[in-house]
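The residues making up each chain are set out below.
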Amino acid sequence: MRFYIYHRTVYLYPDLVNNSFNELRLHPLTNDFQQCKSSLISVLPSTRLREYLDLNGNLVQYFEIPTNHNKLTIEARSTVTTVSRVDFDQFPYGIQMDTLKDIEQRVNCRNYLQDSTYVELSPEAWRQAIDLQGNSNDVFQTSYQIMEFIYSNYEYCKSTTSVDTSSTTVIRDKKGVCQDFAHAALTFCRCLGIPARYVSGYFYDHTKDQSMRGSEASHAWIEVLVNGRGWFGLDPTNNRVVDETYIILGTGKDYRDVAPITGTYFGRLPTSMEVDVSVMKQED
Amino acid sequence: MITGQFLEYSTGNFFDEMFDMGTELLTRPHYEKVLKRLSALTPSEFEEKRSQAVSSFLEHGVTFTVYGDAEGTERIFPFDLIPRVIPDEEWTIIDRGLKQRILALNLFLHDIYHEGRILQDGVIPREIVETCPYFRKEIIGFDVPKDIYVHVCGSDLIRDDKGTYMVLEDNGRCPSGVSYLLENREIMKRAFPRTYQAMGVRSVEMYPELLLKTLEHLSPRQSQKPVCVLLSPGVYNSAYFEHTFLARQMGIEIVEGRDLIAIDSFVYMRTTQGLVQVDVIYRRLDDDFIDPLFFRKDSVLGVPGLMNSYLKGNVALANGVGTGLADDKVTYAYVPEMIKFYLGQDPILESVPTYLCWREKDCKFVLENLADLVVKPANESGGYGMLIGSESTKAERDEFKNRIKENPREYIAQPIISLSRHPTFCNGGVVGRHIDLRPFILYGSDMEVVPGGLTRVALKEDSLVVNSSQGGGSKDTWVLKK
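Which chain is which? The protein sequence lines are A and B, in order. Under this note's numbering, the first residue of the first sequence is numbered 31, with each subsequent residue one higher. Under this note's numbering, the first residue of the second sequence is numbered 87, with each subsequent residue one higher.
What the hints contain is simulated information worked out from the structure, not anything from laboratory work. One thing to keep in mind: the hints can contain errors.
To be verified - Where chain B lies over chain A, by a calculated footprint (3+ residues, C-beta under 8 Å):
id : segment
1  : 72 to 84
2  : 93 to 107
Said to hold, decoys possible - Taking lysine-lysine and the DSS-like style, the derived pairs with C-alpha atoms no more than 27 Å apart in a straight line are:
id : chain 1 : residue 1 : chain 2 : residue 2
3  : B       : Lys398    : A       : Lys67
4  : B       : Lys426    : A       : Lys67
5  : A       : Lys101    : B       : Lys568
6  : B       : Lys398    : A       : Lys101
7  : B       : Lys119    : B       : Lys232
8  : B       : Lys447    : B       : Lys426
9  : B       : Lys567    : A       : Lys311
Unchecked claim - Partial pick of chain B residues on the chain A-facing surface, computed with a CB cut under 8 Å:
id : residue
10 : Lys119
11 : Lys185
12 : Gln186
13 : Leu189
14 : Leu193
15 : His196
16 : Arg203
17 : Asp207
18 : Asp372
19 : Phe427
20 : Tyr428
21 : Gly430
22 : Leu435
23 : Asp532
Built from N, CA and C at the ideal position, the CB exists for glycine as well.
The whole structure should be built from the sequences, with the hints applied where relevant.
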């Protein structure tokens with residue numbers, strides 16, 4: 031499928047602010063299942079945009095605005111093509127949980143098995159994770175159960191959590207938005223030794239009644255490593271296995287690694303932050 | 087199979103849009119269907135279709151004005167029936183490249199009229215900007231509606247002898263020509279209805295609707311249906327036909343300066359029902375003339391007090407004030423640097439190498455190699471006042487040398503690009519003629535490039551000048567679906 035994504039973020043400040051420094055992770059990834067055909071990222075007030083590749087392999091754009099301003103607009107326009115990464119008749123079952131021990135020391139897994147800023151592994155989380163696993167001995171099956179559990183038992187509600195809410199709070203309160211759901215799912219997976227990483231991106235809501243949750247802003251879900259079969263995406267917010275309607279911006283240990291926009295400045299908190307995301311399907 | 091009127095055709099030593107010249111003529115695949123249809127026409131059938139097209143232009147009053155011409159001012163824009171075809175893969179690149187370019191130009195204008203970071207960082211010399219006659223220091227610090235300066239852009243593209251698309255110039259003030267694009271399409275659909283259908287040509291008809299949306303997006307009064315008007319300099323302007331055409335297609339009023347009045351920083355239109363407040367003005371009038379209180383004092387075309395209302399945010403102008411800076415051919419030379427600076431990317435579309443006479447080194451080179459270069463004034467449009475070295479006389483070159491020495495900032499030079507050619511019907515036969523392409527880009531809630539454009543063709547043999555004011559004609563441009 032081919033998508034055009036327009037993502038605009040506008041910060042309005044009550045007073046003039048200055049010395050703003052920001053990093054943007056708004057450039058879609060190119061991998062075996064997704065190709066970024068074009069990406070245009072722009073910032074107002076106009077300033078020089080530079081880029082680097084971070085340790086997670088995500089392309090980061092960054093900029094500075096030293097002078098006074100009271101409004102900051104960041105726009106990203108991307109065209110991306112995707113192919114399905116999973117065969118829905120043949121999920122990657124058959125990898126036993128006890129094989130996980132073999133990969134836990136691998137360099138590309140270790141980061142995704144441990145605590146990270148927003149993913150806190152605690153005895154309480156571990157107890158719940160064991161319960162969720164039940165008598166399943168299959169890696170994908172177990173991860174799927176975790177996703178289903180979160181989807182059916184957690185309440186999706188905005189403005190009850192913030193960008194800094196940790197997984198412990200989410201697991202306790204059982205509510206939040208896509209980011210929180212992803213952090214909770216990561217916690218349970220990692221407690222059980224399943225390498226799991228955070229994914230930031232978008233999805234195209236193909237349902238007739240636009241019933242999927244989280245399409246108005248950028249989205250988040252998780253990927254689990256099924257040993258020998260690769261990474262598979264699971265979206266606990268919508269209870270879906272990730273397919274070609276999802277577009278990945280970047281992956282990391284948790285939100286902190288892939289926040290679409292992150293930065294600092296001198297001045298008062300913004301009076302408003304408007305986010306506008308539209309994902310349009312284009313003819314192939 | 088190449089038959090009929092194309093039998094004698096030769097591509098010469100040029101990149102030909104329709105044929106690939108190997109040992110024999112090979113039709114490029116995206117031209118096959120249309121060539122089959124054209125070859126089947128006898129010369130008399132072809133002539134009949136052509137005269138139908140001409141009379142249809144006359145009936146619709148599709149004309150333009152040539153300045154500085156003694157015989158009659160209004161003329162028909164010569165039209166060629168052989169369409170120019172662009173396959174999807176090529177169009178995708180053009181589309182992407184133009185969007186990148188207009189975005190960078192807008193960021194540049196925003197920067198220049200605010201902090202000027204690109205000047206502080208030394209990427210573009212400050213002097214270049216400050217000596218541009220279209221730089222409007224009066225609006226420094228002003229936030230234009232929606233932060234967009236160029237809402238309608240017409241960038242001219244050419245192809246060199248290898249078929250590479252290059253941007254020749256940007257028109258960010260009042261680009262014209264879109265009415266011909268739309269009229270040409272109407273005529274082609276009537277002349278070749280089945281071929282048009284069978285080729286899967288992308289439609290351009292939505293342009294007026296898109297343009298209106300682009301204008302409405304700027305309205306300071308979002309709560310009600312915005313009142314948009316088209317401000318024309320009047321019947322003597324070369325593009326007056328286009329002004330009436332677009333106003334009619336969009337269903338908005340066409341006004342002249344005297345139809346508008348500014349009261350208490352709002353702009354009103356005089357109507358038979360009394361004054362009506364205007365939200366957005368699509369002005370087809372240069373900055374210089376829009377407000378005699380603000381810019382040129384002797385302008386009788388503008389509206390006194392308009393700029394005051396604009397700066398108060400009570401009325402929007404499209405294109406914004408100060409965009410002429412982006413048209414300056416000296417600024418043009420720096421667009422690749424702008425794209426790198428603001429977007430952190432390499433330009434998708436190439437630019438033509440440009441020598442700035444303002445730089446001493448370049449100037450010396452230009453003066454020494456005048457015969458092999460095209461010299462253009464930095465701030466003229468319509469192909470006026472340029473020198474094509476290879477076609478000039480010694481006297482002309484000497485005159486230009488003096489002009490350049492007197493005012494180096496005002497002149498740039500480029501190598502003579504051997505423009506691509508396209509089969510064109512001329513003097514009773516099909517011959518190769520040089521062409522360019524002017525696509526139109528709209529920037530409202532997002533950027534949109536109309537799939538197609540005005541293909542201009544130099545009707546004189548071997549001429550490289552395609553401007554309508556210099557005896558050019560036009561063709562319909564067919565962008566194919568995937």
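Each hint tested on the structure:
1. 72 to 84: It holds, with 10 qualifying residues against the three required.
2. 93 to 107: holds (count 3)
3. Lys398/B <-> Lys67/A: Since the Cα atoms of Lys398/B and Lys67/A sit roughly 41 Å apart, the hinted pair is violated (cutoff 27 Å).
4. Lys426/B <-> Lys67/A: Roughly 18 Å between the alpha carbons, so the hint for Lys426/B and Lys67/A holds.
5. Lys101/A <-> Lys568/B: 41 Å, violated
6. Lys398/B <-> Lys101/A: It holds: about 18 Å lies between the C-alpha atoms, which stays within 27 Å.
7. Lys119/B <-> Lys232/B: With a Cα-Cα distance of about 44 Å, the restraint between Lys119/B and Lys232/B is violated, given a limit of 27 Å.
8. Lys447/B <-> Lys426/B: 24 Å, holds
9. Lys567/B <-> Lys311/A: 16 Å, holds
10. Lys119: 21 Å, violated
11. Lys185: 7 Å, holds
12. Gln186: Because about 6 Å separates Gln186/B from the closest Cβ in chain A, which is inside the 8 Å limit, the hint holds.
13. Leu189: Hint holds; Leu189/B Cβ to chain A Cβ min 6 Å, cut 8 Å.
14. Leu193: OK, holds: Leu193/B within 8 Å of chain A, min 4 Å.
15. His196: His196/B check passes; min Cβ-Cβ to chain A is 5 Å, inside 8 Å.
16. Arg203: 6 Å, holds
17. Asp207: Status holds, d = 6 Å.
18. Asp372: Violated, because the Cβ-Cβ distance from Asp372/B to chain A comes to roughly 24 Å (cut-off 8 Å).
19. Phe427: Hint on Phe427/B: holds, closest Cβ of chain A at ~5 Å, below 8 Å.
20. Tyr428: 6 Å, holds
21. Gly430: 4 Å, holds
22. Leu435: 13 Å, violated
23. Asp532: 6 Å, holds
Going through the hint list in order, the structure does not satisfy hints 3, 5, 7, 10, 18 and 22.
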